[in-house]
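K.L.:
Throw the hints in and build the complete structure from the sequences for me.
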Amino acid sequence: MIEINNLTKEFRKPVREQGVKGMFKTLFSKKYESKFAVNNVNFTINDGEIVGYIGSNGAGKSTTIKMMCGILSPTSGSVKIEGVEPYNNRMKVAGKIGVVFGQKTQLWWDIPLIESFKVLKQIYRVSDDDYKERMDFLSKTLGLDEFLTQPVRTLSLGQRMRADLAASWLHNPKILFLDEPTIGLDVWVKEKIRKAIKVMNEKYNTTVILTTHDMQDIENLCSRIIMIEKGEIIYDGAIEDIKHHFGNIRTIVLTLKEKPDEKKLNTFNNKASYEWKDEKLYIKFDADELEVKNVVNYAFGELNAQDMQISEINIEDVVKSIMAGNEVIE
Amino acid sequence: MKKYIPFFKAGMMEEMAYKTAIFSWLLITILQLTCIVFLWIAVYANAASPVINGFTFKEMIVYFVVTNIFSFVCLESSTLYDINTEIKDGTIAISFIKPISYRFRFLFRCMGACTCRLIIMGLPSLIISFSLFIGLGYLKIESVPVFIAHVLLFFVAMILAVAMYDTIDYMCGVLCFYTTAAWGLNFSKGVLVGFFSGTLIPLAFFPGKFGKIVEALPFKGLSQNPVFILTLRVDLMTSVKYIISSAIWLVIFSILGKLLFNHASKKVTVQGG
Chain A
3 MIEINNLTKE FRKPVREQGV KGMFKTLFSK KYESKFAVNN VNFTINDGEI
53 VGYIGSNGAG KSTTIKMMCG ILSPTSGSVK IEGVEPYNNR MKVAGKIGVV
103 FGQKTQLWWD IPLIESFKVL KQIYRVSDDD YKERMDFLSK TLGLDEFLTQ
153 PVRTLSLGQR MRADLAASWL HNPKILFLDE PTIGLDVWVK EKIRKAIKVM
203 NEKYNTTVIL TTHDMQDIEN LCSRIIMIEK GEIIYDGAIE DIKHHFGNIR
253 TIVLTLKEKP DEKKLNTFNN KASYEWKDEK LYIKFDADEL EVKNVVNYAF
303 GELNAQDMQI SEINIEDVVK SIMAGNEVIE
Chain B
8 MKKYIPFFKA GMMEEMAYKT AIFSWLLITI LQLTCIVFLW IAVYANAASP
58 VINGFTFKEM IVYFVVTNIF SFVCLESSTL YDINTEIKDG TIAISFIKPI
108 SYRFRFLFRC MGACTCRLII MGLPSLIISF SLFIGLGYLK IESVPVFIAH
158 VLLFFVAMIL AVAMYDTIDY MCGVLCFYTT AAWGLNFSKG VLVGFFSGTL
208 IPLAFFPGKF GKIVEALPFK GLSQNPVFIL TLRVDLMTSV KYIISSAIWL
258 VIFSILGKLL FNHASKKVTV QGG
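Taken in order, these protein sequences are the chains called A and B. First residue of the first sequence? That's 3 in this note's numbering, and the numbers climb one at a time after it. First residue of the second sequence? That's 8 in this note's numbering, and the numbers climb one at a time after it.
Hints listed in this document are in silico derivations from the structure and should not be mistaken for laboratory results. Since the model is a prediction, treat every value here as computed from it, not as a measurement. Even glycine gets a Cβ: it sits at the ideal position worked out from N, Cα and C. Be a bit skeptical, because a hint or two may be false.
[As the list claims (entries may be wrong)] Lysine-lysine pairs mimicking DSS-like chemistry, simulated, CA-CA at most 25 Å apart: (1) A:K106 x B:K105; (2) B:K95 x A:K82; (3) A:K261 x A:K295; (4) A:K123 x B:K16; (5) B:K10 x A:K123; (6) A:K37 x B:K95; (7) A:K98 x B:K10; (8) B:K274 x A:K106; (9) A:K106 x B:K273; (10) A:K232 x A:K259; (11) A:K37 x A:K232; (12) A:K94 x B:K147; (13) A:K98 x B:K9; (14) A:K120 x A:K33; (15) A:K94 x B:K274; (16) A:K106 x B:K16; (17) A:K82 x B:K16; (18) B:K95 x A:K106; (19) B:K95 x A:K15; (20) B:K274 x A:K232; (21) A:K120 x B:K105; (22) B:K219 x A:K94; (23) A:K37 x B:K273; (24) B:K26 x A:K33; (25) B:K10 x A:K134; (26) A:K98 x B:K274; (27) A:K15 x B:K273; (28) B:K9 x A:K94; (29) A:K176 x B:K265; (30) A:K232 x B:K16; (31) A:K123 x B:K105; (32) A:K94 x B:K265.
[Unchecked claim] Label-pair ranges, simulated between beta-carbon atoms: (33) A:E5 x B:F217: 55 to 61 Å; (34) B:N269 x A:T156: 35 to 41 Å; (35) A:K23 x B:G191: 21 to 27 Å; (36) B:N269 x A:F30: 28 to 34 Å.
P.N.:
Listed below in structure tokens is the structure:
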């Protein structure tokens, strides 16, 4: 279990003035500028959850993750992993967590991948039987076999990321922190990684905290999301709830022979809105207020539509509009 | 302790990769020692007495040859630069999430590197030079068992010296958490150690009060004491005293290093990502 109470991290940096004169001034001045990367954050994550931790660049995601795994110390507030503060008891917590930083590798650059795993086995004191079982599972789900004997520096980004995920999980941690694990990867590798995360969670009950900018990751894996913006939590709850935060919005796109007269269209008592765009008619409505069947019947019947697409609102749109600070969905 | 073995091995392997560095050291050292021999020939030829600050010419040569080999094998550590690199490129984040002590990881790596240098260069060159010293009458061994006892004590003193040197390097490295001026820190450390450990000149050459202060500092355990033990300049009793004093200083420095790290690690900022 992870408990986070009033967590705050303040970064202080000296104010620098421009130019040579400014440089000399900075040598003697002690002016600091402070920025709250994380500001009074509270949440609890239970065992076996997969939580998506999202926010725009610089919102404070990575800083929170780094405090959760004991790399940074908070300015105030606390993080407790199984009741222990990671930044005060690094060694104690390190065995219980696994971490992947999408932008950094924890593998040894110059030695073959398999040697890195052997070193990790020794560091985390994994027994021979466990090691064998987990390596079997990891090579199968992540397809490590093809590059296990290559030095890490020769691996492609996709291979390296799969290897990194395997390395972070080799000691079967209770909690797995994944900081942008799918950054820059192709669809196939993303798929493999997601599948592996899912199995780790289901079979071994690993708690996963995931930060990502890829909403597909979130939709495929997470049951709960926490959104952070400018260091503060702006949403914490189930993924379904946030979708419905805007109503159960559907959009129907129709291909028509010719542009209809907009004044004559049936608005179902103002429950549906119409827009003519790119030679297509867009109908938007809330499925809780208006039955989809009615709109479809109307489209094929009265409007004589040739083709039709129905789409639900997706999480990407929701996140985009929350981040933009307006609640209008387009 | 078992989990640090990979780092010990890595230290050995990395050192092995620098074969050319080791052989160029051999060449440079031979040149350097030749210069030193001629320098001291000149000094002794113009001296009023054949003994300068307790050293005869032969003793002086023995001292410098052994000191050079010793400092090559033991007084070398990449810890400071490694810590600085980790801070600069942000990989320190990775180090902090592993269940291993930041201190011991570097210590074992340094020990591995030293072991490698000792086997490849240290032991052969010590054996060759001791054979020469004895053959040329620069060094007299009166009792073989006593000499063997000296050799064993020397190895203990050597391990302590390596650990001490790496601890100093580590503390300088931790200072990089506050300022990333690794070059300056390394330079200061080099001057300090070179001057006060006796690698530059025997500490007996420092005059009066200054000499007394230098004698009281812990740095002579880094080089002069082990060299004195091996070259039979001190008796067994004094050798044991040297070792005990080095061990105490090592404990003190380790505690200081730990306190410094505890403070510094709260200040960590991870660069990038």
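K.L.:
When the hints from earlier in the document are held up against this structure, which numbers fail?
P.N.:
When the structure is compared with the hints, numbers 2, 10, 12, 14, 17, 22, 24, 29 and 30 turn out to be violated.
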